[in-house]
Each structure stands twice: as structure tokens, then as C-alpha cells.
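S.K.: So you can see what is in the structure, the chains are spelled out below.
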Amino acid sequence: MNSRLVLINILRWFILLFIQILLLRNLSFYNLATPFVYVLFLLLLPFGTPNLILYLIAFGTGLTLDAFYDTLGVHAAACVALTFVRITFISISVNRDGFDEPEPTLGNMGFKWFSLYALLCIFSHHLILFVLESFKPAELSYTLLRCLMSGAFTWLLVILIEFLFYNRRQR
Amino acid sequence: MRNLWIFINRYNAFFLFIIFFTIGIVLTVKNNAYQRSVTLNSTNEVVGQAYEKLNVFKRYMNLGQVNDSLANENAKLYSQLLKMKNIDSAKNTTVKDTATHQQYTYLAARVIKNSITLRNNVITINKGSLDGIKKDMAVISPQKGVVGFIRDVSDHLATIQSLLHKDTKISVNVKKNNALGSLVWGEKNFNYQKAYIKDIPNHFKVNLGDTIVTSGFSSFPPGIPVGRVSNAGIATGDNFLTIEINLFNDFSTLQYVYVIKDKFAEEQKALESKLPNE
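In order, the protein sequence lines correspond to chains A and B. Heads up, the first sequence is in the working numbering, so the first residue is 12 and it goes up one at a time. Heads up, the second sequence is in the working numbering, so the first residue is 771 and it goes up one at a time.
Careful, some of the hints might be misleading.
Said to hold, decoys possible - Between beta-carbon pairs, the in silico distance windows are: (1) B:LEU824 <-> A:PRO113: 49 to 59 Å; (2) B:LYS828 <-> A:LEU43: 19 to 29 Å; (3) B:VAL816 <-> A:LEU43: 26 to 36 Å.
What the hints assert, rightly or not - One-sided excerpt, in silico: chain B residues whose CB lies under 7 Å from chain A: (4) ASN782; (5) ALA783; (6) LEU786; (7) PHE791; (8) ILE795; (9) LEU797; (10) ASN801; (11) VAL817; (12) ARG889; (13) PHE960.
Since the hints were made in silico from the structure, they are not lab data. No residue lacks a Cβ here, since even glycine has one placed at the ideal position from N, Cα and C.
Working from the sequences, and respecting the hints, build out all of it.
M.R.: Here it is as C-alpha cells:
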């Protein structure tokens, strides 16, 4: 059971990073909305994972992305921020004693919970990402707009992907 | 002591966040600094190899376009050659070997990774220090226009800090009156076909459609066409004009670039480092 979860997550890591680097790196609307769908991997890590492991995985994933994007540290910091929001949100909203479900997916947790969870995590990630990337006070309004548009785009894609797999599991 | 440990353990999510986030920020700031020691970027063996493999497929997509541009360039060079052949050399009595005085040499390289969607875009090429590429060399496009500067070099690969990067500044001239300005990208418009020229003094008259060329001050050879003015005179409230231009170079279809070796670059750097300030 446990080894199956690990295997699924490793597979998910490779697939999502492959899509991100191959496909989505070249995609943008008017240079305003650029999706970063790989965060879905961090969103879907199992509930019981210790915090230290969560942070290490997030940091490693961020560094891998950084190597391909030539932005050392930016994605790593953003992923760590996402993990902090994730841990806080889960500790507030989910009963700590009994996790009935192994993973926080849309199918397991319901649309309402998952959409809010994804929204908060994605926006914290994008805020850190774009602010660190531009690092110029003069561009702040543009950076925030970019963060907003990209966040909405990523969120939409994440929800879409989740619905795709949600149906498959029901069968 | 025990209470402290319990306290830290209770809020371990927060403390771990602080630790990892700080590491991330330190890496970011260090990466922005002039000296970069860590090579976790696309000049890295593994990452570079991956991009090289992916590029094999992508190259076929733009093959027609690249062919056209190469044919155009050939035609241009051929016509220049014809011009030289027609010079009546009988009149020249003394021949000076000018080959040793050639300041700039070009080196062709293939783009294996490119991006235009980010705030700070970096291009990776398939030539490195073994081919004689060094940091801060200028890079231009085969068609027309500038690309950027060499940023990091490994044995077989190099990254270019593209013009589409917040730290890139290139010294340029308005061709007709030699007004000096500096070429930057971004701040308001993040379209990869547009850029801005700042710090042109107010008394120069710049019209729509004027050609902008490199000035030769920032390691580019002088006179390389950069773009055409699309909006002259954006009011900034001080004594300088800000001009919007359309770039000649199309960053989205970049396949080959020329790296420019400047024979006197090191000599110039050594000489200028003797200046007291700056």
C-alpha cells in the first residue's frame, strides 16, 4: 500500500516536470499568464508525510525546476512557501487524528475543499515566484498583475487535470 | 531547554519554512551577483544534455525558416564578394596585410534552449570554453539585431543572458544623429518584439521609423542594426527621452547565433580597470 503511494508519486513527479519543462515553458498569453502546473505534485503529496520530508521534497523539486529555468533559488523558495501554506491549511481544515484518505485529491476531498486549497497554495507560490524573479519595486504593479493572471491560469489547469483523473477513479 | 525543544517541535512547520526559505533567498541573491559559483543551470552536464536531446525534434519545425534566412545571408555575402572583386586592384601598388588587425571574429553556435515568456530569459547554446567562448562576449543574430551577452560557460555549453533580461543594458545610437542611449527590455511592456531606449538627451530629435544601431561601447561592434523606432518620445519628466522600438531580431524563432570574439577585449578591460572610480 505504502510502496504503491511512493511509486505513484515518483511517477507523477516525472510526468508533471516533463510536461512543465517540455511544453508549458514555451507557453504564455501576452507574457501575462504563464502556467506552472508542476505544483500539482506538491499539492498531492500524501497526508501523513512528515514536515521535514515535505520541505525537502519541495526544495528539491524547486531546485530541479531552477536548473531548467536558469533561475537558481527562485522556484525553490516558492515551493517552500507553498509547502508552508499547505501544512497550515491542512492542519486547520482536516481532522488530525484520522486521515480517512491517503492523498488530498479532488476525488477524495470534494470540489469545495480542494479548490480553496489549490487556490491558496498556488497564489502563495506564484507571489513568491514572480516577486523574486523581477525583484524591482518599479515593476511591482505589473508583477502583481502577472501573478494574478498566471495564478488563475495554473489553478484552472490544476482543477481540470484533477477532474480528468477523478472520473477515471470512479469507474 | 526542554520546553524550548517542545516549542520548536510544536511549530516545526514554521521553523523549517524559515530555514528552507532563507536558503532559497540566499541562492537567488547569490545567483544575481556577478560571481556565480554554483553551476546548477543549463550549462550543467545533465540539464544541457536533456535540452540538446529535446532540441533535435524542435529543430525540424523551423527548418524552412532557417533555410530562408541562411539563403538570404548567403546572397548578401555573395553580393559583397562581387563588389570586392570588381575593385580595380591594378592601381594599388602597396598591399597592407590587414588580417592581423581584424578586431572582431564571429563564431556560429546553435541555440539548444530558449525562452521568451519569463521576466529574465536565458538562452543556452552548444559551444563552450573549449571553442574559445568567454564570459561577457557579445552575441548577435544571423538575420539582424542583437541577442545578448555570454553569462556562464562550461566546457561544451554556454548560457546567454538575453536582451530580454532585467540586468541587460546595451549601449546604442540613433543612426542618423548618433544620439547615445541604452537599450533595455521590460518595465512596462513585456512583449518580446519591443524594447526601450533610455537616457537619450531631450534636444535630439528622433522620428518614427529611425534606425537604431549599436554604438560599439558595450563589447558589440559598432553599427549592428538593432531596431526601428515605433514610438518616439515617451514623456518621462526629466531631461531624457525614452523611446520605444521594434526589434529586428525575432527571439521566438532564434535557431543560430553568432558569438563575437573581440580581440582587444581583455586589453581594454585591463586598461579601463586602471581608472580610479567605477
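S.K.: Quick check on ARG889 (chain B) please, does its C-beta sit within 7 Å of some C-beta on chain A?
M.R.: 5 Å, holds
S.K.: Is the interface hint satisfied for ASN801 (chain B)? The criterion is a beta-carbon contact with chain A at less than 7 Å.
M.R.: ASN801 (chain B) check passes; min Cβ-Cβ to chain A is 4 Å, inside 7 Å.
S.K.: May I ask you to test the interface hint for LEU786 (chain B) with respect to chain A, counting a Cβ-Cβ separation under 7 Å as satisfied?
M.R.: 5 Å, holds
S.K.: Please verify that hint: PHE960 (chain B), Cβ, nearest Cβ of chain A, below 7 Å or not.
M.R.: 4 Å, holds
S.K.: For the hint 19 to 29 Å, verify it against the beta carbon of LYS828 (chain B) and that of LEU43 (chain A).
M.R.: 24 Å Cβ-Cβ, so the 19 to 29 Å window holds.
S.K.: Evaluate the given range 26 to 36 Å for the C-beta pair formed by VAL816 (chain B) and LEU43 (chain A).
M.R.: Holds, since VAL816 (chain B) and LEU43 (chain A) (Cβ atoms, about 32 Å apart) stay within the stated range.
S.K.: Min Cβ distance, PHE791 (chain B) to chain A: is it shorter than 7 Å?
M.R.: 5 Å, holds
S.K.: Would the stated hint for VAL817 (chain B) survive a check requiring a Cβ distance to chain A of less than 7 Å?
M.R.: 5 Å, holds
S.K.: If you take the shortest Cβ to Cβ gap from ILE795 (chain B) to chain A, is it below 7 Å?
M.R.: This interface hint holds because 6 Å falls under the 7 Å limit.
S.K.: Would the hint on ALA783 (chain B) stand, with a C-beta cut-off of 7 Å toward chain A?
M.R.: 4 Å, holds
S.K.: Given ASN782 (chain B) as an interface hint, is the shortest Cβ-Cβ distance to chain A below 7 Å?
M.R.: OK, holds: ASN782 (chain B) within 7 Å of chain A, min 5 Å.
S.K.: Using the nearest Cβ pair, does LEU797 (chain B) come within less than 7 Å of chain A?
M.R.: 3 Å, holds
Violation of the numbered hints given earlier is confined to hint 1; every other hint is satisfied by the structure.
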